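Trainee: The lines below spell out each chain.
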Amino acid sequence: LAKTTQPISMDSYEGQEVNITCSHNNIATNDYITWYQQFPSQGPRFIIQGYKTKVTNEVASLFIPADRKSSTLSLPRVSLSDTAVYYCLVAWGGKLIFGQGTELSVKP
Amino acid sequence: DTGVSQDPRHKITKRGQNVTFRCDPISEHNRLYWYRQTLGQGPEFLTYFQNEAQLEKSRLLSDRFSAERPKGSFSTLEIQRTEQGDSAMYLCASSLGDRANQPQHFGDGTRLSIL
Numbered sequence: 001l002a003k004t005t006q007p008i009s010m011d012s013y014e015g016q017e018v019n020i021t022c023s024h025n026n027i028a029t030n031d032y033i034t035w036y037q038q039f040p041s042q043g044p045r046f047i048i049q050g051y052k053t054k055v056t057n058e059v060a061s062l063f064i065p066a067d068r069k070s071s072t073l074s075l076p077r078v079s080l081s082d083t084a085v086y087y088c089l090v091a092w093g094g095k096l097i098f099g100q101g102t103e104l105s106v107k108p
Numbered sequence: 001d002t003g004v005s006q007d008p009r010h011k012i013t014k015r016g017q018n019v020t021f022r023c024d025p026i027s028e029h030n031r032l033y034w035y036r037q038t039l040g041q042g043p044e045f046l047t048y049f050q051n052e053a054q055l056e057k058s059r060l061l062s063d064r065f066s067a068e069r070p071k072g073s074f075s076t077l078e079i080q081r082t083e084q085g086d087s088a089m090y091l092c093a094s095s096l097g098d099r100a101n102q103p104q105h106f107g108d109g110t111r112l113s114i115l
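Top to bottom, those sequences are chains A and B. The first sequence: position 107 = 107 (my numbering), numbered continuously. The second sequence: position 22 = 22 (my numbering), numbered continuously.
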């Protein structure tokens with residue numbers, strides 16, 4: 001069973017900021033929160049990972065509150081090419097468990 | 001870019017036939033994972049290797065499935081006596097380190113279609 005819950009789909013427009021929230025109520029003390037992006041007919045691509053507070057890289061930010069029971073992936077100023085499925089996962093020493101992901105559709 | 005490569009990209013076969021897929025990970029990566037993905041679902045874990053040792057197998061991996069990583073480099077996934085339900089995308093990923101939370105680099109998969 002997936003250890004995370006996220007919306008099935010989201011719509012946005014070019015240039016907007018998109019925030020995708022993931023719930024992980026049973027996150028373990030050592031679990032990290034990781035996000036992947038997947039385009040059709042391609043393998044998932046690592047986006048960002050964090051343990052607590054805020055992490056930012058060149059493509060996204062990840063916000064994690066103190067209780068770590070949820071996290072939010074923030075994509076600034078999305079473009080049409082950001083249309084993809086986004087997966088939130090938690091993992092430490094074991095295997096990755098993917099849920100259904102969030103299908104993001106960016107419209108012009 | 002010497003990322004993870006998988007071969008073949010597509011495989012069509014008749015039910016009952018055996019198929020074998022190959023995965024070449026990023027050269028210095030010690031961990032190698034196999035996943036299966038069906039339409040509209042996220043990837044499902046099948047098995048993983050740390051170097052040449054197969055450390056975990058999912059219960060999804062029936063007796064008809066076998067995976068090897070003989071020298072800790074490339075890996076093969078074989079499915080014997082294929083069934084309709086085996087139709088899926090088979091993904092391989094590799095990572096450096098000994099924890100699942102290390103970023104995994106995925107190949108673009110082998111799409112298997114069973115006639």
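It is worth saying that the hints were derived from the structure and are not from the lab. Any given hint might turn out to be false.
Simulated restraints, written as ranges between beta carbons of each label pair [what the hints assert, rightly or not]:
| no. | chain 1 | residue 1 | chain 2 | residue 2 | range |
| --- | --- | --- | --- | --- | --- |
| 1 | A | I8 | B | R15 | 31 to 39 Å |
| 2 | A | Y51 | B | R22 | 31 to 39 Å |
| 3 | B | R15 | A | T29 | 30 to 38 Å |
Just so you know, these numbers come straight off a predicted model, no measurement behind them. Backbone N, C-alpha and C fix where the C-beta goes; we use that ideal spot for every residue, glycine too.
Trainee: Evaluate each hint against the coordinates.
Mentor: A quick look at each hint next to the structure:
1. A:I8 - B:R15: 31 to 39 Å: holds (32 Å)
2. A:Y51 - B:R22: 31 to 39 Å: holds (35 Å)
3. B:R15 - A:T29: 30 to 38 Å: violated (46 Å)
Checked against the numbered hints listed earlier, the structure breaks hint 3 alone; every other hint is satisfied.
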